[in-house]
Amino acid sequence: MAELVHATRFEELPAELPVFPLSGVLLLPRGRLPLNIFEPRYLAMIKDALAPPRLIGMIQPQDASEERNPDASPRLYGIGCAGRITSFSETEDGRFLITLAGVTRFEVESEIAMRSGYRRVKPRWDRFRSDFAPDESAIDRQALFKSLKPFFDARGLKADWDQVDKTGDERLIAMLSMICPFEPPEKQALLEAKDLAARTDILKGLLDMALATPPEAPTELRKH
Numbered sequence: 273m274a275e276l277v278h279a280t281r282f283e284e285l286p287a288e289l290p291v292f293p294l295s296g297v298l299l300l301p302r303g304r305l306p307l308n309i310f311e312p313r314y315l316a317m318i319k320d321a322l323a324p325p326r327l328i329g330m331i332q333p334q335d336a337s338e339e340r341n342p343d344a345s346p347r348l349y350g351i352g353c354a355g356r357i358t359s360f361s362e363t364e365d366g367r368f369l370i371t372l373a374g375v376t377r378f379e380v381e382s383e384i385a386m387r388s389g390y391r392r393v394k395p396r397w398d399r400f401r402s403d404f405a406p407d408e409s410a411i412d413r414q415a416l417f418k419s420l421k422p423f424f425d426a427r428g429l430k431a432d433w434d435q436v437d438k439t440g441d442e443r444l445i446a447m448l449s450m451i452c453p454f455e456p457p458e459k460q461a462l463l464e465a466k467d468l469a470a471r472t473d474i475l476k477g478l479l480d481m482a483l484a485t486p487p488e489a490p491t492e493l494r495k496h
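In terms of this note's numbering, the sequence shown opens at residue 273 and continues consecutively.
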């Protein structure tokens, strides 16, 4: 897989941005998101986006049921996160395997004309200028882990806890926010949190709510 190196500064952010509406998928600044691209419209988007600054906006549709319909344009949430393509490869069957590195969040000012079937927006960046600097807010890791470990156990998720312990605060919270199986509105709340401390509080709250809600019984065991 080819590694693509290109630093993005705030002053280099574009006036137009291709967007990839994908429900339940979260990208955060300094997070990394691997994607398997196969739909023709998004293959075209990646080809166009390989030119610097190589940015794609990850954003959730408000109606997840319409996101795969090429004839539908479901309403988008108002905030997404721009990611820079940092690695790229093409498979023998024509798919693209890419990795996005989260750069900064953006607000959707307006949607502009589609290109080759994919959607584009005019973004506003100013509100999230602080995303370019690491967030060193203090978080209560001990309290978080008291919720996180039971959540992983309850969901049958595996983790290298020694490695998790060594992961820095911001990277850890970004990783957990991205990989934990929360609902789209919950993912959106994590994205829109004002800073690391607020995101950590939301994350812990979501873990605690999930632990307090027993999983549904299998269909054949439910009482009618």
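These are calculated hints, taken from the structure and not from any lab test.
In this text the structure is predicted, and so the values were computed from the model without any measurement.
It cannot be assumed that every hint is accurate.
Stated by the list, open to error - Below 30 Å or equal to it, Euclidean Cα-Cα: the simulated DSS-like pairs (lysine-lysine) are:
id : residue 1 : residue 2
1  : Lys421    : Lys466
2  : Lys394    : Lys438
3  : Lys438    : Lys418
4  : Lys430    : Lys418
5  : Lys394    : Lys430
6  : Lys319    : Lys394
7  : Lys394    : Lys421
8  : Lys466    : Lys438
A quick look at each hint next to the structure:
no., hint, in the structure
1, Lys421 with Lys466, "holds, 25 Å"
2, Lys394 with Lys438, "violated, 39 Å"
3, Lys438 with Lys418, "holds, 17 Å"
4, Lys430 with Lys418, "holds, 16 Å"
5, Lys394 with Lys430, "violated, 40 Å"
6, Lys319 with Lys394, "holds, 20 Å"
7, Lys394 with Lys421, "violated, 41 Å"
8, Lys466 with Lys438, "holds, 25 Å"
Going through the hint list in order, the structure does not satisfy hints 2, 5, 7.
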